[in-house]
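Participant: Go by the hints and put chain P onto chain B.
So the protein sequences, as listed, match chains B and P.
By my numbering, the letter at position 153 of the first sequence is numbered 153, and the numbering carries on one by one without gaps.
By my numbering, the letter at position 253 of the second sequence is numbered 253, and the numbering carries on one by one without gaps.
There may be inaccurate statements among the hints.
Said to hold, decoys possible - Ranges of calculated distance between the beta carbons of each label pair, as one might list FRET restraints:
#1 P:VAL209 - B:SER22: 30 to 38 Å
#2 P:GLU167 - B:GLY174: 39 to 47 Å
#3 B:LEU78 - P:GLY106: 46 to 54 Å
To be verified - Part of the chain B face toward chain P, derived, beta carbon under 10 Å:
#4 ARG19
#5 VAL24
#6 LEU31
#7 ARG34
#8 ASP91
#9 GLY95
#10 LEU97
#11 GLN99
#12 PHE100
#13 ALA103
#14 HIS105
#15 VAL110
To be verified - Here are the simulated SDA-like cross-link-like pairs (lysine to any residue), alpha carbons at most 20 Å apart as the crow flies:
#16 B:LYS234 - P:ARG104
#17 B:LYS234 - P:ASP114
#18 B:LYS234 - P:LEU118
#19 P:LYS222 - P:ALA171
#20 B:LYS234 - P:THR107
#21 B:LYS234 - P:GLY120
#22 B:LYS234 - P:VAL60
#23 B:LYS234 - P:GLU121
#24 B:LYS234 - P:ARG61
Source of the hints: derived by calculation from the structure; they are not laboratory data.
As the structure is a prediction and not an experimental result, all values here were calculated from the model.
Glycine included, each C-beta is placed from N, C-alpha and C at the ideal position.
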Amino acid sequence: MCVSCALRPPDREGHSVLRILSFVVLRDVRLALRRPADIASVLFFFVIVASLFPLGVGPEPDLLRRLAPGVLWVGALLATMLSLPRLFAEDFRDGTLEQFALAAHPLGLVVLGKVIAHWLCSGLPLACAAPLLGVQFDLSSPALLALFASVLLGAPALSGIGAIGAALTLGVRGSSVLLSLLVLPLYIPVLIFGAGAVEAAASGFSPGAHLALLAAMTVAGLAFAPWVAALSLKLALE
Amino acid sequence: MRHHCKAQSPAAGRESVESASADISRAAPPFAEVLLLLLHLRPFVFRGSPMLAADNLECVRGEQSLFQKVGFRLDAGELLLLRGANGVGKTSLLRMLCGLLPPRAGTIRWQGEDIRHLAGEYRAMLCYLGHLNAIKEEFTPLENLMQDTAFAGAPLSPAQALAALAEAGLAGRQDLPAHSLSQGQKRRVALARLIVDQRPLWLLDEPFVALDAEAVLWLAGKIGQHLEAGGLVVLTTHQIVEIPRAHVRELRLAPSGSGRA
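One chain only, chain B, in its complex shape:
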């Protein structure tokens, strides 16, 4: 074999964005399915938090209906927070993250894939569970629908913003508390418009405006957050 042959970059498939994205999403979803307890714990946390309120406040339908949007949304936020520390920690511990950073394609793409997978494994189950829990609060069916749509639309923004926090606190001691302190204030706009959508639908208005704003936050979150998270991951890997 001649010297120069070995030094040519190996023939590889194109590093197309979609190929990398689908690879990372599939890998993370498969990993999550091998550890179903992680998904289940997030879901059960949400169920418990949302169920404690009707028990604590008492069975007054009017009061419950007014509390419902806020309580359910805060529950969903906290449940999402619960799964964030694991977003990068496992890959960091076993060296996979290092190899991702050494790949020829940008790390931001990998992070975007991980964010989408996080949404599939936490946001999507939460969105499906939310209307069921809404029934406990005597929400009307348009409000239940708005609840489902708002959690579904808002969750990718939560995962995206959360990825920045998770990357910044990677490898830091006591990272989960620090993560909450960093990320929860950034969740406020999503919470306001998410709960607003449900409230609007419950009082007979269209939740369209709130949902559109949530969708805008999600788009902005998915467009910018992965690159910021990738930068802080590189710092964590130094």
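Facilitator: Just chain P now, kept in the frame of chain B:
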């Protein structure tokens, strides 16, 4: 006050070159011999600059200055052996060569170009094996290998992956979840990826750790083959391992004592 760390720079140590093509060229007619020679010399003659070159590297970890003014040249078919006591910065130097750790000062060049400018193009040329094996415990060795190669853009067929695992001594273990493998077997999975991926530049951090005697010999042979094929290897090890037919350069990092940045 700054204490300078002394690092013995380029090309010290053992040099044992053996032409890989000696047998072929003896049998071939003269014009083929000249052609072969030209092919061998091409990277040296036409590019002029060494494949991998580092100049004046300085590494600072926290408050501690690990090394300063470290440099070397490495050409196709050469092995750079990083030597030094624990904590002198061998791993840090390797991570710098990967581009994971930006040096405080100095430059690293691949074929004459700064690796910071080459970015992804340079990363596509290297394979780094660190202390961590980058293996997912939930997946089997087969899944690990197939996923890693697919991610790198050179997917393997199951048969190719099985053959690579068998070569790394993991025949019969390919379908066990990786968390049930021993430390040495996990290392072998990572090595199978290294062998299969065929990148020109190998950066190996203590690759022989946790391997049994047989696997050490096998890996040394593989490194020898890679060098023979014109690859480059940077290696740290505390073990004394004979790499067959290798042209070895040695870089000895000396402790900087109480060096403060």
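Participant: Which of the numbered hints above does this structure break?
Facilitator: none
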